[in-house]
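Trainee: As they're listed, the protein sequences go chains A and B. To convert, note that position 5 of the first sequence is 5 in my numbering; the numbers rise steadily by one, no gaps. To convert, note that position 78 of the second sequence is 1078 in my numbering; the numbers rise steadily by one, no gaps.
Simulated from the structure, these hints should not be mistaken for lab results. Hints may contain errors.
[Unchecked claim] Pairs of lysine to any residue, SDA-like flavour, derived with a Cα cap of 25 Å:
1. B/K1097 with A/R109
2. B/K1097 with A/M41
3. B/K1077 with B/F1062
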Amino acid sequence: EADIYQTPRYLVIGTGKKITLECSQTMGHDKMYWYQQDPGMELHLIHYSYGVNSTEKGDLSSESTVSRIRTEHFPLTLESARPSHTSQYLCASSEYYDYGTQYFGPGTRLTVL
Amino acid sequence: GDSVTQMEGPVTLSEEAFLTINCTYTATGYPSLFWYVQYPGEGLQLLLKATKADDKGSNKGFEATYRKETTSFHLEKGSVQVSDSAVYFCALSDGGKLIFGQGTELSVKP
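Produce the entire structure from the sequences given, and follow the hints as far as they go.
Mentor: Below is the structure:
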């Protein structure tokens, strides 16, 4: 059973607030990912990490930042949220060499008013 | 760059109907190919995969064959159930990342 957790599941906040979306996995996976899923369902990779102290930007430019201080934890932060950040955010993890087999969390649905 | 194209949705079928969701890809190398499924309110989960040409991936009655000559990886199921209603994503591996298609929503009516 794959265990990857995201909190909160739903978040409604006002413009200008700083937020952190949490993602944790208990599988000891080296690689972790953040995707943004738009209302049309399409997935966009916004950040990924190869392991502790490694972070990379994905294919879609994002104003968010990430950190990877512990293997199991990969939080995403928005310093100043805007309505354009309203979206579904999905976290995933994989083994280093089997990156095609990714395990996804349930997602955080963010609404910025 | 590499890309994946899926058939447009939504697809609506009656229970026990035959399902095909088309997926074609463009790639410079020899990627592995995947189908992921997203049930309502959940994250994605891997449905099946194929790592080289002519491989067939299968799981839960779903099948897909890696066709290099037609650059395709179509998803099929002989008899769909209401519980198969979900969004299906085709994907390919690309340099340590996955590239996803745009997703195809399937709705199965009793």
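Trainee: Hint compliance check: list the failing hint numbers for this structure, sorted ascending.
Mentor: none
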